[in-house]
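A.B. asks: Sequences listed follow chains A and B, in order.
For the record, in the first sequence the residue sitting at position 66 is 66 according to my numbering, with numbers rising by one throughout.
Adding 1000 to a residue's 1-based position in the second sequence gives its number in my numbering.
Hints are not guaranteed to be accurate.
Some chain B residues judged to face chain A by a derived CB distance under 10 Å, without partners named [stated by the list, open to error]:
no.	residue
1	G1014
2	S1106
3	F1193
4	V1195
5	R1197
6	P1199
Sample of chain A residues with no beta-carbon within 12 Å of chain B, all distances over it, derived [unchecked claim]:
no.	residue
7	N36
8	I46
9	L47
10	G49
11	L70
12	Q75
13	G77
14	A82
15	D86
16	E88
17	E93
18	G99
19	R100
20	M142
21	V161
22	R244
Which bits of chain B does chain A cover? Going by a derived footprint, with three or more residues having C-beta under 8 Å, they are [to be verified]:
no.	stretch
23	1030–1038
24	1090–1103
I should point out that these hints are in silico values taken from the structure, not numbers from a laboratory.
C-beta: ideal position from N, C-alpha, C; glycine also.
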Amino acid sequence: MIGIDGITKRYGKAVALSGVSLEVAEGEIFAYLGPNGAGKTTTIRILTGLTRLTDGAAVLNGYDIAASPLNAKRQCGLVPQAVNLDNELSVRENLDIHGRLFGMPGRARRERMAVLLEYVGLEGKEGVQIKKLSGGLKRRAMIARALMHEPRILFLDEPSVGLDPAIRRKIWGLIRQIQADGTTIFLTTHYIEEAEFLADRVAFLDEGRIVALDSPDALMGSLGQWSVDLLANNHMETRHFETRQDAQSYAASREGSFTVRRVNLEDAFLAQTGKKIQ
Amino acid sequence: MSVGTSMRGTVMSGWFAVYFREMLILRRRLPRLMASMAVSPLLYVIAFGYAMGDQIMPGGRPYLEFLIPGLCAMSSMTQAWGIASEINISRFYWHIFEEFQAAPVSGFAYVTAEVLAGVTRTLLAVCIIIAIGALFGVRLWYGPLFWLAVALNAFVFASLAVASAMLVKSHADQAMATSFIITPMAFLGGTFFPVERLPQWAGMIVNLLPLTHASRAVRLAAYGQLPPWGSYWLLAGLGGIAFLAAQRCVRMARD
Chain A
1 MIGIDGITKR YGKAVALSGV SLEVAEGEIF AYLGPNGAGK TTTIRILTGL TRLTDGAAVL
61 NGYDIAASPL NAKRQCGLVP QAVNLDNELS VRENLDIHGR LFGMPGRARR ERMAVLLEYV
121 GLEGKEGVQI KKLSGGLKRR AMIARALMHE PRILFLDEPS VGLDPAIRRK IWGLIRQIQA
181 DGTTIFLTTH YIEEAEFLAD RVAFLDEGRI VALDSPDALM GSLGQWSVDL LANNHMETRH
241 FETRQDAQSY AASREGSFTV RRVNLEDAFL AQTGKKIQ
Chain B
1001 MSVGTSMRGT VMSGWFAVYF REMLILRRRL PRLMASMAVS PLLYVIAFGY AMGDQIMPGG
1061 RPYLEFLIPG LCAMSSMTQA WGIASEINIS RFYWHIFEEF QAAPVSGFAY VTAEVLAGVT
1121 RTLLAVCIII AIGALFGVRL WYGPLFWLAV ALNAFVFASL AVASAMLVKS HADQAMATSF
1181 IITPMAFLGG TFFPVERLPQ WAGMIVNLLP LTHASRAVRL AAYGQLPPWG SYWLLAGLGG
1241 IAFLAAQRCV RMARD
């Protein structure tokens, strides 16, 4: 569904992306995990036509983004990180304009809008101006807008950034539902739990390069199942173990305060890059 | 129906969506926009026309009859150019421009829509000036050649506005372009005084400005005379070049 072959983006001498290659299968939720400035948003901007490639190639549902950009754009919907809805217009007007941009006839727009407003939980709010909506509702409106033209691929750039935990969970549920309905999802995040909860596969991105790519379980499983965070002499040390018993035995044998917990993607990222994500 | 896979577009696909969006915004802001469109012409009419009008008779006509067509021409420039600020705000502040960039809308379709929005806005502003003129007793002939000159001048400056909005890196850059290009042209392009009164060397320079040709054509048409066709061709040619430049700038606007 998505094929990326050695894409590179340079801004002058600065390299934002360096030879990134990957494939995303139809119906998959693929997460791009990395710290700020790793190149996550740059990748999405390239794939959705907002940023030019310096080198490499990418194909969306069979359409090359450079050779056939308008057809490639028809395959995808984009929910950018920053809210980019028309504040002065209503939810209905924002969705309607999007449908028109993608050439949807009037009846198809109206029917699709009715379905989506219910789908994202915005029924009854279609006439409300965007500026009067909360952050969570704006995010839902953006997701509804991106889905208006029934894209095969949905790009979500930090879909739950800035939202409180309860709203974040609702957005995750919505993303799962969109996947269940057959849409391929490519999301960027720097929230560990978001990638763990949602993704079928995760790519770790650091300084414009993919340093690891696998399922969350495989990435975490390479370290073990359990972790011990040990704080002694103002120094934090983390070790990983296969069993909880081993972890607890290790912690009991050392001086200092400790926490025993499950291995997470942050541990896997740290092991790969020597850096923390957040 | 899966739009993502079944719909095929043309080079003009999506132009109406962009234009429709501009019209929705215009409708929402209409009362304050009309008020703002009326302020400057009203002040010019009071200050230059009403107060000084008795002492100046360009071409043997009352100064207000000279001023109103000039203001129409000037307004067709400033209002069309004004879309640059709107595009800038949607690009740098609201990021709505990205919604258009991510849609299957060609540069040609996008520029067509924005230029049409600029022309629409201009026609509204010119109607307001004509109404102000009528309030002050100015009755002129607003026939097809008058509106053609207004529309062509708006076409030139709306196209330049789109190009400029794509090239600038901030609102401050846009304001600078307005200060150095539009404001001098507004005062020198035959709006407030007959260009023929300038020294020959200055007249030659001023005759290179599109607004000078627009003012001449708009004024003669409003007097019921036949304006020089050369002015129309010049405006159409400049507009065409600016339109092509705007398309290129839209393509270059991707980082």
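A.B. asks: Taking the hints in turn, state whether each one holds.
C.D. replies: Cross-check of the supplied hints:
For G1014/B, the interface hint holds, the least distance from its beta-carbon to any beta-carbon of chain A being 5 Å, beneath 10 Å. A cut of 10 Å between beta carbons decides the hint on S1106/B: the least distance to chain A is about 7 Å, and the hint holds. Contact between F1193/B and chain A, as hinted, is not supported at the beta carbon level, the nearest pair being about 40 Å apart and thus beyond 10 Å. A least Cβ separation of about 41 Å between V1195/B and chain A goes past the 10 Å threshold, and the interface hint is therefore violated.
About 46 Å separates the beta-carbon of R1197/B from the nearest beta-carbon of chain A, more than 10 Å, and the hint is not met. Annotation: P1199/B was flagged as interfacial toward chain A, and the flag is violated, the nearest CB pair being 48 Å apart, outside 10 Å. Distance check on N36/A: its Cβ is at least 18 Å (rounded) from any Cβ of chain B, clearing the 12 Å threshold; non-interface status holds. Taking the minimum C-beta to C-beta distance to chain B, about 10 Å, the non-interface status of I46/A is violated against the 12 Å cut.
In this structure L47/A is not separated from chain B by more than 12 Å, as the shortest Cβ-Cβ distance comes to only about 10 Å. Some Cβ of chain B comes within 12 Å of the Cβ of G49/A; the nearest lies about 6 Å off, and the non-interface call is violated. The Cβ of L70/A sits about 4 Å from the closest Cβ of chain B, inside the 12 Å cut-off, so the non-interface label is violated. Chain B draws Q75/A into its interface by the beta-carbon criterion, the shortest separation being 5 Å against a cut-off of 12 Å.
Look at G77/A: its CB is around 8 Å from the nearest CB on chain B, not clear of 12 Å, so calling it non-interface is violated. Against the 12 Å criterion, A82/A falls within the reach of chain B, whose nearest CB is about 5 Å from its own CB. A cut-off of 12 Å between C-beta atoms contradicts the statement that D86/A is not in contact with chain B; the least separation is 6 Å. For E88/A, the non-interface assignment is contradicted: its Cβ lies about 5 Å from the closest Cβ of chain B, within the 12 Å cut-off.
Under the 12 Å C-beta cut-off, the non-interface status given to E93/A relative to chain B is violated; the minimum distance is some 6 Å. Residue placement check: G99/A does not keep its beta carbon more than 12 Å from all beta carbons of chain B (closest about 8 Å). With a closest Cβ-Cβ approach of about 3 Å to chain B, R100/A is found to fall inside the 12 Å limit, against its non-interface label. M142/A, annotated as away from the interface, has a beta carbon of chain B within 12 Å; the closest lies near 10 Å.
No Cβ of chain B approaches the Cβ of V161/A within 12 Å, the least distance being about 15 Å, so the stated non-interface status holds. Interface exclusion of R244/A from chain B stands, the closest Cβ pair being 47 Å apart, more than 12 Å. Coverage of the stretch 1030–1038 of chain B by chain A is violated in this model, with 0 residues showing a Cβ closer than 8 Å to a Cβ of that chain against a need of three. Requiring three or more residues with a Cβ within less than 8 Å of a Cβ of chain A, the coverage given for the stretch 1090–1103 of chain B holds, as 9 such residues are present.
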